[in-house]
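Sequences listed follow chains A and B, in order.
Okay, so the first sequence: first residue is 1 according to this note's numbering, each after it adds one.
Okay, so the second sequence: first residue is 297 according to this note's numbering, each after it adds one.
Honestly, the hints are just simulated from the structure, not real lab data.
Possibly wrong hints are sitting among the right ones.
[To be verified] Example chain B residues on the side facing chain A (calculated, C-beta under 10 Å, incomplete):
(1) R341
(2) T356
(3) Q452
(4) E453
(5) R466
Here the structure is a predicted model, which means the values were calculated and not measured.
Built from N, CA and C at the ideal position, the CB exists for glycine as well.
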Amino acid sequence: MGFDSIETVQEGMRAQDYVSDRALATVIFLAMKLEKPILLEGEAGVGKTEVAKVLAAMLGAKLIRLQCYEGLDVNTALYEWNFPRQMLHIKIAEAATSPIRDQIEQEIYSMQYLIKRPLLEALQSGVAQPTVLLIDEVDRSDEEFEAFLLEILSDFQISIPEIGTIKAERLPLVILTSNRTREIHDALKRRCLFHWIDYPTFDKEYEIVRTKVLGIEEHLASQVCQFVEAMRQQDFYKRPGVAETLDWARALLYLGRERLDIPTIEETLGCVLKYKEDIDKVHDDLLETILATLRT
Amino acid sequence: MQTEIVTDVEERAAEVLSQKVLEFCHLLRANGIEVTAGRIIDTFRALRVIHLFQREDFYTLLEANLISHAGDRELFQQLFHQFWRGPTWTTVPDPCLPAWEDGCTLPPQVPQQHTLQLEKRHNGEPDDNEKIQQAVAMYSPVEILHRKDFGKMAEQELLRVQRLIMTLARQMATNVSRRKKAKAKAPFIDPGRTMRRSLRYGGEVIELLRRELKIGKTKMVVLCDVSGSMECTPGF
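So that you can see chain A by itself, here it is in the shape it has in the complex:
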C-alpha cells in the first residue's frame, strides 16, 4: 500500500471526491506505514464509513465490510461449517461401498465445507491485491465480540481446530468506526490509531457540497451549509451530519430551488432532521432568525 507522504494521501482522497483535512490524512498515512488499525469516532453522518470506501478505491483494494450489531458472533463474523452440506457428503459416502471413516472426516472438515465470513475472507485475501477491512459501528457489538476482535487485530491470525492456523499473508488496512453509543474497551482502542471526525467547518462543508452535488449553484450551496451549521447549534436529539447536508442539497437541486426560504425549508426539513421531536422544535421564528443571519 504505497503513499509516500501525507500530501499524496490527501490528494488521493481528493481525487476520490473526499474532502479530507490534513489530520485525517496523517492518521491514514501512519496507519499504512505502521500497519495499525484506525478507530474513527464521530457523530453519525460525518463520513466515517466513507473513509474506508474511499481508501479502497484509492488503493485499488478489495473492500470487505463487517457490519456490527448486537448479538454478532464469531460464526457470523469469521467462519462457519456448512453443516447441511457436510451431512449430505456423509450420506453419499455411506451409500458408496466401503467408506473409509477417517477419509470422510478429513473431507468434511476441509476448506470446501467452510463458509468464510468477512474476517476470514480479509485474512485470506491474497498478496496480489490489498484489502481494506471495514468493521462498521463496532460500538453496537457485544463485549465478547470485542474481545475476539482484539485477538484478530493483534496477530491477524486465527486457529480453526480442524484445519489449523490461518495467518494473513498481507495485512489488511483495518478501519473501525464507532458512533459512541457506548465506550469501546480500552484494550481494543490501544491497538488502534484514534481519530475523531468532527462536524466540518463551513469552508470544508461548502467544498464537500460543491464536489459531491454536481450542478448546485454557489449561492444555494453556501446557504445550505450556513443553515446546517446554524442548525447544529440548536439543541436537537440528532444534529444533521454531512450526509444530511448532501441529501438536502440534492433534494433542493432536484426541486429546482435557487435559494432558501421558509416554505422551501419546511417542505424539505425531513432531509435534515430525522426525528419528529426535532422537527417539532423548528418553528417559523427560528427559521426566520437563522435565515436573517445567512451571509450572501
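Assemble the complex: chain A is given as a structure, and chain B must be docked to it using the hints.
Then chain B, alone, in the frame of chain A:
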C-alpha cells in the same frame, strides 16, 4: 566535517525530541490520561515514519497514538499547547547553531531536572489549593466521587462518573437469566426442537437448532429520600 556536524545535530535533536515526547507522555499520565508503554512505543515508531513534519502533523501523530477517548481530546489539546509552546532554550541546551566553519562542538548534555508536572501555571509558587492537595496523604477517586456534588463536577470527573454508570448499566442490562430462547446462531443446541425438526427429513438430523440464554429484566427499586436529613446532599 560539515556532514558529521549535521548528523550530530540531527541525532541530538532526535534525542531531545524523544526526551520531550516521553515527558509529555508522563504529563498526560499525571493528568489522568491512560498512556501505556505500548502506546509510547507506537508513538516513537510513528515518529520514525514522519521525518519532516508540521506542528499540525505532530499534534495528530501524538493524539492518534496517545489518546483513545473522545472526552480526553480537550484536555490533550490544552496540555499539548501548554507543553509544546516553543523552544525552551533556558532549560534544554539545544544543539549549537553558530557558524559551522568555526568547528564548534556540541555542548555537553545537561541532565534534565524537569519535573513531569507542567511549569506551574501561576509562575512558580504553588497556590493554596495545591498546598492543601499536597498535604493529603491518600487519594481515592471513588471515595471523592461518593460525596461529590454533580453540579460542581469538572468535565473529567463527569466522564469518569459516566464510565462508572455505563459499566453498571451494562452489567444490569446483561443480567443473564436461566431461561433459554430459540435463536439461529446460539451456543446451545436445542435437542427437543432439533429432534422435532428432524421428523421432516425422516428422522435424519440435518439441521441443528439452537437456543441461547435470555437476558433477564433487572428489577430496580429506586428510593428517593426527600426528608430533612437529606438537605445536605445536592438537589436535582
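Outcome of the hint check:
Hint status for R341 (chain B) relative to chain A: holds, with the closest Cβ pair at about 6 Å, below 10 Å. Given the 10 Å rule on beta carbons, the hint for T356 (chain B) holds: about 4 Å separates it from the nearest Cβ of chain A. Residue-level restraint check for Q452 (chain B) is violated (minimum Cβ-Cβ distance to chain A is 15 Å; threshold 10 Å). Residue-level restraint check for E453 (chain B) is violated (minimum Cβ-Cβ distance to chain A is 16 Å; threshold 10 Å).
Proximity of R466 (chain B) to chain A holds as hinted, the smallest CB-CB distance being about 7 Å (cut-off 10 Å).
Violated hints, in rising order: 3 and 4; the structure is consistent with all others.
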